[in-house]
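Visitor: Sequence:
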Amino acid sequence: MEEGIQIKDKMISYDYFIQNLHRVGGKIINKKTKDAILLRVYEIGNDNFQEFWVHPMYLSLQSFQFFKLFHKGNCNNENGIIEIEVPSLETFPLILYWLYTGNQDKVLEIGKLDETLCNGIMIIFYI
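Just so you know, we're using the UniProt record's numbering here: the sequence shown kicks off at 1 and counts up by one.
To be clear, the hints were calculated from the coordinates, so they are not data collected in a lab.
Check each hint, because a few of them may be wrong.
[Stated by the list, open to error] Heads up, simulated DMTMM-like pairs for lysine to aspartate or glutamate below, C-alpha to C-alpha not over 20 Å straight-line:
1. K68 x D35
2. K31 x E83
3. K34 x E51
4. K68 x E83
5. K72 x E90
6. K31 x E51
7. K27 x E51
8. K72 x D35
9. K32 x E3
10. K27 x D105
11. K106 x E90
Construct the entire structure; sequences and hints are all you get.
Guide: Dropping the structure here:
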């Protein structure tokens, strides 16, 4: 039996939903839309940070780590900004790109060229 979501009399595959998410994701990545919130990302061990407009529902569907982050109410100030720490500010945008677009080619290409970035990408997946 195919895995998916039953809608009326049809079973819609998970792959179909993921492909449609990625189609939308490429259009909304780092865009301030009605449902976007500001995510301030600090590099562990220093005060360097980058800010990204992210979409909690979208990222929660793509990543259990983001699901946990957004559903435990991590707003660190009255402006509704969520703050997190990551090992590398260089790799975090690549992870967001992959989650929003499903395009792993860019991530793999950079990982092959730079072992440090590759290690940073792997660490972020296991935070």
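Visitor: Take the hints in turn and mark each one as holding or not.
Guide: Here's how the hints hold up against the structure:
Distance check on the hinted pair: K68 and D35 sit about 18 Å apart at the alpha-carbon level, within 20 Å; holds. At roughly 18 Å between alpha-carbon atoms, K31 and E83 fall within 20 Å of each other, so this suggested pair holds. The straight-line distance between the Cα atoms of K34 and E51 is roughly 17 Å, inside the 20 Å bound, and the hint therefore holds. Our distance criterion of 20 Å between C-alpha atoms is met by K68 and E83, whose separation comes to about 14 Å.
Distance check on the hinted pair: K72 and E90 sit about 26 Å apart at the alpha-carbon level, beyond 20 Å; violated. This hinted pair checks out: K31 and E51 have alpha carbons roughly 11 Å apart, not beyond 20 Å. Distance check on the hinted pair: K27 and E51 sit about 18 Å apart at the alpha-carbon level, within 20 Å; holds. Note on K72 and D35: the hinted pairing holds, with a Cα-Cα distance of about 17 Å set against a maximum of 20 Å.
This hinted pair does not check out: K32 and E3 have alpha carbons roughly 34 Å apart, beyond 20 Å. For the suggested pair K27 and D105, the alpha carbons sit about 18 Å apart, so the restraint of at most 20 Å is met. A distance of roughly 13 Å separates the Cα atoms of K106 and E90; the hinted pair therefore holds under the 20 Å criterion.
When held up to the earlier numbered hints, the structure conflicts with 5 and 9 and fits the remainder.
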